[in-house]
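K.L.:
Residue-level listing of the chains:
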Amino acid sequence: MSGFMGHEPDGKPGQPKTVKEWVFTLDHKVIGVWYLIGSIASFVVAGLAATAMRIELGSVGPDITDNGDIYNLWLTMHGAVMILGFQIPALLGFVANWAVPIMVGGKDMAFPRVNAMSVWLLWSGILLALLNLVIPDSYNGMWTGYPPYSLTDAVGNTALYSSVVIILGMSSVFGAVNLACTVAFMRCKGMGWFQMPLTVWCVFTANVIQLIFVPVLAASVLLLSMDKYLGFGFYNPEVGGDVLLYQNLFWFYSHPAVYVILLPFMGILFEIFAVSARNDVFNYKATVWATIAFIPVSSDVWVHHAYVAGLPDWLRLLQTFTTLLISLPFGLLMLSLTGTMYRGAIRYTGPMWWAVGAFFMLIIGALTGIPNALSAIDYGISDSYVIMSHFHYVMAVSGGMAIFAGVFFWFPKLTGRMCNSFMTKLTAAGFFIGMNIVMGPLYFAGMEGMPRRYMDYQMYADNATIVSAQHWSTIGIYITFVSALLMIVVWLHGAIAGEKATSANPWGSQSLEFTATAIIPGQGNFPTPVSVPEGWHPYNFIDNPKPEFEPHPGHTGGHH
Amino acid sequence: MSEEIKHYTAHWHTSPNPLLVGFGAGLFLPLAFMAQFVYQMDTAALVILAVGAGMTIMGGLGWAAETIGVIDDENWSPSAMFMFIGTEIMTIGGVLAGYWVARLGAPVWPPEGTPENIGTNEAVISTLILMVSSFTIGIARKKEINGDASGFATFTLISVAIWAVFAYMLIGSWSDLAAQGFTIGVNAFATSLYGFTGIHMAHLVMGVLVMLTCIPSAFKGRLSFSYTRSMTMYVHFVNVLGFWVLLQVYFW
Chain X
-13 MSGFMGHEPD GKPGQPKTVK EWVFTLDHKV IGVWYLIGSI ASFVVAGLAA
37 TAMRIELGSV GPDITDNGDI YNLWLTMHGA VMILGFQIPA LLGFVANWAV
87 PIMVGGKDMA FPRVNAMSVW LLWSGILLAL LNLVIPDSYN GMWTGYPPYS
137 LTDAVGNTAL YSSVVIILGM SSVFGAVNLA CTVAFMRCKG MGWFQMPLTV
187 WCVFTANVIQ LIFVPVLAAS VLLLSMDKYL GFGFYNPEVG GDVLLYQNLF
237 WFYSHPAVYV ILLPFMGILF EIFAVSARND VFNYKATVWA TIAFIPVSSD
287 VWVHHAYVAG LPDWLRLLQT FTTLLISLPF GLLMLSLTGT MYRGAIRYTG
337 PMWWAVGAFF MLIIGALTGI PNALSAIDYG ISDSYVIMSH FHYVMAVSGG
387 MAIFAGVFFW FPKLTGRMCN SFMTKLTAAG FFIGMNIVMG PLYFAGMEGM
437 PRRYMDYQMY ADNATIVSAQ HWSTIGIYIT FVSALLMIVV WLHGAIAGEK
487 ATSANPWGSQ SLEFTATAII PGQGNFPTPV SVPEGWHPYN FIDNPKPEFE
537 PHPGHTGGHH
Chain H
1361 MSEEIKHYTA HWHTSPNPLL VGFGAGLFLP LAFMAQFVYQ MDTAALVILA
1411 VGAGMTIMGG LGWAAETIGV IDDENWSPSA MFMFIGTEIM TIGGVLAGYW
1461 VARLGAPVWP PEGTPENIGT NEAVISTLIL MVSSFTIGIA RKKEINGDAS
1511 GFATFTLISV AIWAVFAYML IGSWSDLAAQ GFTIGVNAFA TSLYGFTGIH
1561 MAHLVMGVLV MLTCIPSAFK GRLSFSYTRS MTMYVHFVNV LGFWVLLQVY
1611 FW
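Protein chains in written order, with the working numbering: chain X, -13 to 546; chain H, 1361 to 1612.
Hints in this document: simulated from the structure, not taken from any laboratory.
Any given hint might turn out to be false.
Now the stretches of chain H that chain X is said to cover, found in silico as 3 or more residues with beta-carbon under 8 Å [as the list claims (entries may be wrong)]:
(1) 1379 to 1385
(2) 1388 to 1398
(3) 1459 to 1473
(4) 1539 to 1548
One side only, chain H facing chain X, incomplete, derived with CB under 8 Å [as the list claims (entries may be wrong)]:
(5) Trp1372
(6) His1373
(7) Ser1375
(8) Pro1376
(9) Trp1423
(10) Trp1436
(11) Ser1439
(12) Ala1440
(13) Met1443
(14) Thr1447
(15) Met1450
(16) Thr1451
(17) Gly1453
(18) Gly1454
(19) Val1455
(20) Gly1555
Backbone N, C-alpha and C define an ideal beta-carbon position, used for all residues, glycine too.
Using the sequences and the hints, build the whole thing.
P.N.:
See the structure below:
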């Protein structure tokens, strides 16, 4: 490899060897692995809750429980843990920690100790969330925690909910400050802002959104516990408080949270698409500006979550406009992803299968989001399965598939081994087909009026569309469950007994984590400070089609 | 195994302190709150609180010993502090939104049940005293820049003492109001007053810990420009916050 300094194998590369080195680590890659383990554990818990709910909904009447509290517990655990425990930590924890510092040529994060504290705060939040499964007064107020219900005794332990959100929020804020400093100050010599990989840009922008909006969420749930346990009255109308205030504060963060998830996972897609298509990212600079545009535009869309809460017409109209406005930067990103594949020499590797699946889900979710933005239409479908299917397509499933694509993509750098290519593709296909069978039919059930969050649908027992959609959706979850289980087995097999990677750059990337490190980067990532030559770009595949491409036998899949 | 490899494998950077702080503050403190306020288990709450606080303090002190003046952060700390203060402003902004909704939506303000004298004069005096600490901490930083460790420590301790006086006066004000039956949940104004002054008090406690932490390092001659600048920024922020609370709660 030419053009780089410090390319000699990274000191003595490899992973830490002792328990102390793992548990008390200050290294960003090991911390990234801790984030990954925590987020995958959360995915398992939240996925089991989803499976249980779906089985319950497979037919009219009780299937595995007739206890509404238990169903509400599954519902709460699924939503809260999937978003706060799986997706955000996987993207802003694992990707931000493991990949970003190396991608910018840094030796570590700017503040390694703060970084380590952040991951243990995350684990504290996960442990607190798991407590909900064993305490007698389990919290069952959904991930939204709306008062007045969350201020009653019936909801269970509101303090647990508030604590989890605040602790995970603290973890996010410290992580975001760290990441922003890392990107701002630790880029290697020669790497300008417009030479950073798009994954870095997307994670950076998502962290800026976190910095601005997470504190408001933390404040809103803090007030919730202060009201319930200390006698304050912020949300209590009897003493002059306002219930709707909570909805506004909550969604002021929680809608931008969609972009906190969306942007990094689109960053992963950019990386995999460009590398797999051997193509420059289409319109790189416009894509960067579109990414940045999410910060201001995402700050004024939250009220669309309250269209049916009795808002004045002018406000609904304004929010319809601002919600549609976000289609512009989002559309630019989608255009760039499509353009990146256009006329590319696409190799359908295992990670690419997962990435293409995520892209398809994203398209369906995005297209079904446009009508939801229109308040007149939203009136008819608010709180129905249409909304639920929309956000599962646009954020949950597409995000999940992109995260898994990223794990498969960086797997050789994490473990020094390769996952079985055929099984990777098989699990991608199974997950994709399964989730489409789960969520696709539910759009139709929603349009028939099926409300979300209900544990049964006796009142629609005569509606063939709803009954059939529920039935097929449950069949879909079985396929998804098996595929997800198999995916974890593929990872474990790959990590323990997978074929050893013979190249530090098995996919032919041009990004520094592949080109300037050993197969498994060690402490410090690079033996000497790395630099990039003038004119370097992480996606310069057209001018420099085979710069570092060292195909790994049997694992590149596809063809040029 | 060659010497080089031995050196490398021994070189993974580790520290138990982030873990102690992370689990101490992130796991045990919320558990203590729940034990006390949700399950009314006083003894258990005390024990869990002691464990959590102990872990957090131990970890914090160890962290300070490992880093202040030892690790060269290349002056990134002030930038990080700047961002952190930005997130603090957003947090307080969220709470302020609650106050503004209540305040602007109320037909009469202050609402019924508010005593005639809410301690405005005392609040003005205590806030003026608080403001003095911005000068003393500024002098402390100048002393540190000039290499005068004992001068730095003295003026930092004076700043801590000023904050302690403020905290004492605030607690006295709370006691007076509570004695008049004006407790937290009486009305929206009570909620706001105790809420904002309480949040400010929490920042004071954090600031005192930050200031005290660097005293031993100062005497060891291990203070860094970057750390003291960040500390000073935080002290100024807490003072501005105090002034803002005064204007919002007592004069609006």
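K.L.:
Measuring from the C-beta of Trp1436(H) to each C-beta in chain X, is the shortest one below 8 Å?
P.N.:
holds (5 Å)
K.L.:
Within the assertion that chain X covers the stretch 1379 to 1385 of chain H, do at least three residues meet a Cβ-to-Cβ distance smaller than 8 Å?
P.N.:
Coverage by chain X holds here, the residue count being 5 at a Cβ distance below 8 Å.
K.L.:
Could you check if Trp1372(H) really has its C-beta closer than 8 Å to a C-beta on chain X?
P.N.:
Trp1372(H) check passes; min Cβ-Cβ to chain X is 4 Å, inside 8 Å.
K.L.:
Return the status of the interface hint for Thr1447(H): holds when the least beta-carbon distance to chain X is below 8 Å, violated otherwise.
P.N.:
holds (5 Å)
K.L.:
Hint Gly1453(H) vs chain X: min CB-CB distance below 8 Å?
P.N.:
Since the shortest Cβ distance to chain X is 7 Å, the answer is holds.
K.L.:
Answer holds if the nearest beta-carbon of chain X is closer than 8 Å to that of His1373(H); otherwise answer violated.
P.N.:
holds (4 Å)
K.L.:
Holds or violated: is there a CB of chain X closer than 8 Å to the CB of Met1443(H)?
P.N.:
holds (5 Å)
K.L.:
Answer holds if the nearest beta-carbon of chain X is closer than 8 Å to that of Trp1423(H); otherwise answer violated.
P.N.:
holds (6 Å)
K.L.:
Close enough to count: is the Cβ of Ala1440(H) nearer than 8 Å to one in chain X?
P.N.:
Cβ of Ala1440(H) sits 5 Å from chain X, so the hint holds.
K.L.:
Does the stretch 1388 to 1398 of chain H contain three or more residues whose Cβ lies closer than 8 Å to a Cβ of chain X?
P.N.:
Contact hint for the stretch 1388 to 1398 of chain H vs chain X: holds, 6 residues under 8 Å.
K.L.:
Holds or violated: the hint that Val1455(H) contacts chain X, with Cβ atoms closer than 8 Å.
P.N.:
Cβ of Val1455(H) sits 5 Å from chain X, so the hint holds.
K.L.:
Does the closest beta carbon of chain X sit nearer than 8 Å to the beta carbon of Ser1375(H)?
P.N.:
With a closest approach of 6 Å, the Ser1375(H) hint holds.
Comparing the model with each numbered hint stated earlier shows that all of them hold.
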